[in-house]
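A.B. asks: Residues per chain are reported as follows:
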Amino acid sequence: MCRVLSYLGLPILVKELLYDSDNSFIKQSYHPQYLPRLLNLAGFGLVAWDRSSHNGLFPYIYKTEELPFYDENLHNLASKITPTCVLAHLRGVTYSSKQVVSLQNVHPFIFPGSNVALAHNGSLFDFEKMKFDLLKYIKPSLKKYIRGTTDSEWIYAVFLSQLPGLMGTYEPSDITDALLKTLKILQKVRLKHDIRINSPVNLFITNGEFIAATRYVFDYGWVPQNEDDAQHFIYHSLWYTYGESYGFYDNEYKMKGSQKRSSMIISSEPLTEDTTTWIEVPEYSMIFAKLEKNEIDITSLDITL
Amino acid sequence: MLDADLKNTLLSAPLCKYLNIEEIQNIISYSKFVTFAEGDMLLQQGKRGEGLYIILEGEVIVNAKILGAGLAQFSIVKAGGFVGVISIMKNNPSSTSVIARTPLKCLLISHAYFEMMSLFLPETKYKLVRSITEGLCQGLKEKYPRIMKIINKSGVIQKSSFGRIIRKNISPTIFNFTDLELNMNILKNSPLFKYFNEDDLDELVNYGELIEAPKNCVLINENEKNKTSYIVLRGAVQTSFIYKNKLAKLIVFAPISFFCGITLVNESFPSLVNYSTRVRTTLLKIDENNMLNLQLANKKLWEKIYDLVCHSFIELKRASNRLEIRLNSEFYNIQQLG
Chain A
43 MCRVLSYLGL
53 PILVKELLYD
63 SDNSFIKQSY
73 HPQYLPRLLN
83 LAGFGLVAWD
93 RSSHNGLFPY
103 IYKTEELPFY
113 DENLHNLASK
123 ITPTCVLAHL
133 RGVTYSSKQV
143 VSLQNVHPFI
153 FPGSNVALAH
163 NGSLFDFEKM
173 KFDLLKYIKP
183 SLKKYIRGTT
193 DSEWIYAVFL
203 SQLPGLMGTY
213 EPSDITDALL
223 KTLKILQKVR
233 LKHDIRINSP
243 VNLFITNGEF
253 IAATRYVFDY
263 GWVPQNEDDA
273 QHFIYHSLWY
283 TYGESYGFYD
293 NEYKMKGSQK
303 RSSMIISSEP
313 LTEDTTTWIE
323 VPEYSMIFAK
333 LEKNEIDITS
343 LDITL
Chain B
32 MLDADLKNTL
42 LSAPLCKYLN
52 IEEIQNIISY
62 SKFVTFAEGD
72 MLLQQGKRGE
82 GLYIILEGEV
92 IVNAKILGAG
102 LAQFSIVKAG
112 GFVGVISIMK
122 NNPSSTSVIA
132 RTPLKCLLIS
142 HAYFEMMSLF
152 LPETKYKLVR
162 SITEGLCQGL
172 KEKYPRIMKI
182 INKSGVIQKS
192 SFGRIIRKNI
202 SPTIFNFTDL
212 ELNMNILKNS
222 PLFKYFNEDD
232 LDELVNYGEL
242 IEAPKNCVLI
252 NENEKNKTSY
262 IVLRGAVQTS
272 FIYKNKLAKL
282 IVFAPISFFC
292 GITLVNESFP
302 SLVNYSTRVR
312 TTLLKIDENN
322 MLNLQLANKK
332 LWEKIYDLVC
342 HSFIELKRAS
352 NRLEIRLNSE
362 FYNIQQLG
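Going down the list, the protein sequences come from chains A and B. All letters in the first sequence, in the order written, are residues 43 to 347 by the working numbering. All letters in the second sequence, in the order written, are residues 32 to 369 by the working numbering.
Hints were generated in silico from the structure; no laboratory data involved. Quick reminder that beta carbons are idealized off the backbone N, C-alpha and C, glycines included. Warning: the hint list may mix true and false statements.
What the hints assert, rightly or not - Below, a list of computed lysine to aspartate or glutamate pairs in the DMTMM-like style, where the Cα atoms sit at most 25 angstroms apart:
| no. | chain 1 | residue 1 | chain 2 | residue 2 |
| --- | --- | --- | --- | --- |
| 1 | B | Lys277 | A | Glu322 |
| 2 | B | Lys246 | A | Asp168 |
| 3 | B | Lys277 | A | Glu286 |
| 4 | B | Lys174 | A | Glu322 |
| 5 | B | Lys316 | B | Glu255 |
| 6 | B | Lys96 | A | Glu286 |
Said to hold, decoys possible - Sample of chain B residues facing chain A (criterion: CB under 7 angstroms; computed from the structure):
| no. | residue |
| --- | --- |
| 7 | Pro203 |
| 8 | Lys280 |
| 9 | Pro301 |
| 10 | Glu361 |
| 11 | Tyr363 |
Sequences are here, hints too, so could you generate the full structure?
C.D. replies: Printed below as a string of structure tokens:
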């Protein structure tokens, strides 16, 4: 059911995040530790910011519906670029011919005219019933950019519509308030349609200057009686680590120097099997991290709707 | 053959406080005596250990790599003490490293033997689990003021007193089993009840009542002496430390899980933790009287339930460790949302 990775901090070779550790991001597509029964094979996407690149406020974007572990282009690209902010997503969907695997459905989503990107780990139960009621919460100028069939893209459109602007420098409260408003809108529309089934909403947001994530489930613990696959109904994990820099130190991949906070990773699961220097974000929370004067400030907030 | 001094250490060890001499002899027969030189590692943080070590001679240091603080020393455990609770109860990677501070002699109770005790020596296992649980609760009690001090000093926003009063007055609804079908399969298939047979589950359900609690219903209040136990069937129960209306979340108990107040373990302890529903939640509630009746009427079932009690406090202890780290790393709840 999807894996997501976000990074903020010192320039990092993307290959070190995607390929190199014992629970590397690409490995999570076929061997996730925390959702082992559902593989993430329905597409890979990445956005990455390097301010020294042309039009530095906007990220590199790479998306493919192919299997990322066979993707030589991705590996070559990852071996070259050293961004300061990354958001990557592996799409995991149930194995059904009804699923649409396409480039339009690959996260992260980033609409033209904005440099805010969103990726989602989770699924809104009975989304088809409720989606058109979200239209009134989406700015008219953004509606036309919804091209895929995912609930995640609609969530992105709603979220973007709650921000003071599509671009710019945001205060932490701009992002956290917009996230909360988005969740409240989703809750309201679900209630209208009497949808009361477990629906995880782990959202990851960034614009290259901050990373933020929610760990939230609507109606947690309410699973349809006849549902065979329980993977969608567990509380999706969310972890983070921080330190001076992430890399290969003392024969293992880890964040070095945790007393200094110049780099941070927020992800669905740790990138290493040894999780001792990772912390799990509590349920019903959001976390926001921004680099201020070479130090990452981390704010966490309980989500109460 | 165990020499007299080591035997006395074992007999007076907190872990063995409920065991009789025959039970201790049984444990010794199936456990292993191990020795360590100074500096040797018994347990490594992040790796699965071999089991539980009872320190017979010598001392160990318990430390851990903590995010944001580097290597932190937690405690020194001396002869009579024990380490490796996570290894033996959950067979999970250890959350700390344990290193011999002096030359050591230990008794190692392996995870495999401990599991076997459920089948062949359930009463002995129960007594060990009881001691472990009391140790966990004592540890939580000692940690609580430290965490509360951090919360109090931090910028954590206070919740509204009015809101708290409203929530205290939200009550669950009791259902008859005919009104709300209890799907026994969800209990039978849950890993939590792997040692419970069908008769055990039927009897457990008979001691309980099915309730549906709306969102924000307080099931166990902090500072309340409450011996009621609950099994979450559907929904979610949030646990928190609350101090002067400042709230810090611990973990969520989801389906299928068991929890109870600390008073069930130690009558003199009021609850340190607030347990409230996050969403509409269906639970099997076993009140204090029925817990006592069950304990008297069906010792074997009680022993199995006590395992669940221990597991719930292990999760709370882990969550409190995480909270302490987070409070030292994050600006937590300093902003009013919305």
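A.B. asks: Would you mind marking each hint as holding or not holding in the structure?
C.D. replies: Hint check:
{"no.": "1", "hint": "Lys277(B) / Glu322(A)", "in the structure": "holds (21 angstroms)"}
{"no.": "2", "hint": "Lys246(B) / Asp168(A)", "in the structure": "holds (22 angstroms)"}
{"no.": "3", "hint": "Lys277(B) / Glu286(A)", "in the structure": "violated (32 angstroms)"}
{"no.": "4", "hint": "Lys174(B) / Glu322(A)", "in the structure": "holds (20 angstroms)"}
{"no.": "5", "hint": "Lys316(B) / Glu255(B)", "in the structure": "holds (17 angstroms)"}
{"no.": "6", "hint": "Lys96(B) / Glu286(A)", "in the structure": "holds (15 angstroms)"}
{"no.": "7", "hint": "Pro203", "in the structure": "violated (15 angstroms)"}
{"no.": "8", "hint": "Lys280", "in the structure": "holds (5 angstroms)"}
{"no.": "9", "hint": "Pro301", "in the structure": "violated (24 angstroms)"}
{"no.": "10", "hint": "Glu361", "in the structure": "holds (5 angstroms)"}
{"no.": "11", "hint": "Tyr363", "in the structure": "holds (5 angstroms)"}
In summary, the structure is inconsistent with hints 3, 7 and 9 from the numbered list given earlier, while agreeing with the others.
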